[in-house]
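Enquirer: Keeping their order, the protein sequence lines are chains A and B.
Reminder that position 274 of the first sequence reads as 274 in this note's numbering, one-by-one numbering, no gaps.
Reminder that position 131 of the second sequence reads as 131 in this note's numbering, one-by-one numbering, no gaps.
Among these hints, one or two may not hold up.
For chains that are exact copies, the list does not tell them apart, and a pair is met inside one copy or across any two.
Unchecked claim - Below, computed lysine to any residue pairings styled on SDA-like, alpha-carbon distance capped at 25 Å:
#1 Lys235 with Asn222
#2 Lys294 with Ser152
#3 Lys235 with Arg213
#4 Lys165 with Ser86
#5 Lys341 with Val257
#6 Lys294 with Ala313
#7 Lys341 with Arg284
#8 Lys341 with Ala313
#9 Lys294 with Gln312
#10 Lys128 with Asp140
#11 Lys128 with Met1
#12 Lys3 with Glu78
Since the hints were derived computationally from the structure, they do not count as laboratory data.
Number of protein chains: 2
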Amino acid sequence: MTKVVAVDVHDVRFPTSLGLHGSDAMNPDPDYSAAYVVLRTSDGPEGHGFAFTIGRGNEVQCAAIRALAPALVGRDVEAICGDFGSVYHELVYDSQFRWLGPEKGIMHMAIGAVVNAVWDLAAKRAGKPVWKLLADMTPDEIVGLVDWRYLSDALTPDEALDLLKKAEPGRADRERRLRAEGLAAYTTTPGWLGYDDATAERLAREAVAQGFRQIKLKVGHNLDDDRRRLAVARKAVGPEIRIAVDANQCWDVADAVSWVGQLREFDPWWVEEPTSPDDVLGHRAIRDGIAPIKVATGEHAQNRVVVKQLLQAGAIDILQLDAARVGGVNENVAILLLAAKFGVPVCPHAGGVGLCEMVRHLAMFDEVAVAGHTPDRVVEFADHLHEYFVDPAVIRNGAYVAPDVPGFSAQMRPEALERFRFPDGPAWSGS
Amino acid sequence: MTKVVAVDVHDVRFPTSLGLHGSDAMNPDPDYSAAYVVLRTSDGPEGHGFAFTIGRGNEVQCAAIRALAPALVGRDVEAICGDFGSVYHELVYDSQFRWLGPEKGIMHMAIGAVVNAVWDLAAKRAGKPVWKLLADMTPDEIVGLVDWRYLSDALTPDEALDLLKKAEPGRADRERRLRAEGLAAYTTTPGWLGYDDATAERLAREAVAQGFRQIKLKVGHNLDDDRRRLAVARKAVGPEIRIAVDANQCWDVADAVSWVGQLREFDPWWVEEPTSPDDVLGHRAIRDGIAPIKVATGEHAQNRVVVKQLLQAGAIDILQLDAARVGGVNENVAILLLAAKFGVPVCPHAGGVGLCEMVRHLAMFDEVAVAGHTPDRVVEFADHLHEYFVDPAVIRNGAYVAPDVPGFSAQMRPEALERFRFPDGPAWSGS
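Chain A on its own, in the form it takes in the complex:
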């Protein structure tokens, strides 16, 4: 019997604040970090996963993952990989851990990291990338991945089953298209607040030349700056390229409506995270106030219950799930099903470290087996830190290429784990 013999946890941090990569209205100096977990097994592949953070506190995130280790060590790998709902369900319903959320914040992200590591392990054992493992499941199997508690007023298992069955006949065609064309991406690379205008303009032109049809700019720190930067970007890319803007939660409702009103002439496609990610009713009010400019949020939506309400309330036009914020693949399947039910396109959040690598799997599963093809699904891409991953995200003609390597692509190269180990790796200790 193959067993989980250890749960290794690594505190990995990249000193990204030095280059102002990732700077926005609420996060001036992130050090992209991972609370990284490896499920070591007695035989065969390991499972890799992580929670993404931006620096300080990553050690607390690591401690939370360590707290979950006793639930995994000694377990039969065949059993936990054979029943994809079991680890997620066990960890979420440990009543003592549950108190620390429930289903939110550090403990929930820790559960997500472990659940994703189990998916990585299962996919490696199955010899498939996660997107394909998911897309090959029957509708019943997919419905069985979800924790349906708290969802039935918006989506029942039977409705989800219907929706998946309707998508089933088109799976093969969509998979062919996906393998041929990839999945449309947009890029945040030109848009960080810390860049000067010349850098932003150059990066915007380059993005279009690379085939991207959408870019994104950070806004919300200073209105005059935002207008100037948007003018620069709009001039650089022309009228056909979509420009999204991202306020990173910095406004109250009325501020959002008035600020975005001042950006209207630059034709922003969506406004991302205009206010608190917890504020369902606030997003609805903002959406009413800025239409037809779209409202997007979700990267900080803590769990499926918040997503459910964003959809029920008609608060968003675009749902931006994150691979490492909620309870792993299982909860993201619930989120994809909810979005499909409400007809809201899912444009996943990525960037940071390793998020592009993981999130493409979820978007590709959505394309093939859940919502189906839509030109409104674009997946975020930021060109940082991919070199440290074993199976890095690949972009061709502005689109994510479908990965073929078995697993969830969360695995970092051993030399990266070593070099960026906090606080004593060479990147931090200067040695």
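For chain A, the structure is supplied; the task is to place chain B on it using the hints.
Expert: This is chain B only, laid out in the frame that chain A set:
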């Protein structure tokens, strides 16, 4: 200059699961625990605070508090106690820590513990209990405690100021009444799911004999059991005593409506936590479905943004703030102001360990200086673990007595910190 010289963190756990105290539909076996923090100073009193958890993971909660220590060590005590908003604001807006919530879960509870320890310290230095320290502040000072971000669509600083000024002339009378009569409490002691009928009946009778006018029963595990237990309790207390029921988040919306419908004949006063604490719209739907039975929630409301929405949506009849879930006294002041604006009575959550001790201060401040007197404000009381506190909650004729000891009453006796230290204190190591 008096400085903070150290931030000590203690992992303290009480083996309450052995007696099934605290057992409910979602939490069968809690070990009431505290991630306990002491701000040690170079001179004069220390500041004590804690986050409350129910066992496993308390070490992660402790790690989160430790992560905040560098922000406190070396600080001028006079300065941090002189500007009550500063520590709260600094910690909440540390952008790297913020990513771990934002403003929710383990990191936010850690901030709450530290902020409450600062209040304890400040109140000791002022020679006043926290309720009196707050109740002696001017309306302007009180408004200055709040982080107003995300609130302006529901409550502005000016509205809060008006509300506090209207309450000002009555402060002295209400303080006199409070000192004479205390603040009405209700008791959860008879209601735990793990008790047999005879125990529950005896405890219900005793509660009435002690002067309580309201008791609370846990429900949601089994409908037949709930009907039988409610019948026992109703018979024991008679028709005049209010019986609240508490489902501890176990239902979906439709289940809540139908289950509560089956309890109607026993005249429940409120239904507490019928579903996910994150589900604002769900609580609204349940409230519509069970009226005139009231809906109560809030002990797991993660921050002021969720509370704002519960009030905006008309989702609750009773708001149950918790002293140790959100960002400390400062955020609870925001929550009290929001509730007062919407005319919803605040009936704080207590029990666990030390929550009764702290929360009475917030309720008494609400009574004297914010919402004023209302017969609908009852504060939870559960008769566990008070013996381990330096300034324990005192109940007389079913009411909390106003404490006179300077501070926030969060301080445990040193022998309790020693005996219940996890995992090596005598209560756990058996030595």
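Enquirer: If a hint holds in the structure, say so; if it does not, say that too.
Expert: Hint check:
no. : hint               : result
1   : Lys235 with Asn222 : within (20 Å within a copy, 65 Å between copies)
2   : Lys294 with Ser152 : between (27 Å within a copy, 22 Å between copies)
3   : Lys235 with Arg213 : within (15 Å within a copy, 70 Å between copies)
4   : Lys165 with Ser86  : within (24 Å within a copy, 55 Å between copies)
5   : Lys341 with Val257 : between (28 Å within a copy, 24 Å between copies)
6   : Lys294 with Ala313 : both (15 Å within a copy, 23 Å between copies)
7   : Lys341 with Arg284 : both (18 Å within a copy, 22 Å between copies)
8   : Lys341 with Ala313 : both (14 Å within a copy, 24 Å between copies)
9   : Lys294 with Gln312 : both (16 Å within a copy, 23 Å between copies)
10  : Lys128 with Asp140 : within (20 Å within a copy, 62 Å between copies)
11  : Lys128 with Met1   : within (22 Å within a copy, 64 Å between copies)
12  : Lys3 with Glu78    : within (8 Å within a copy, 56 Å between copies)
In this structure, every one of the numbered hints holds.
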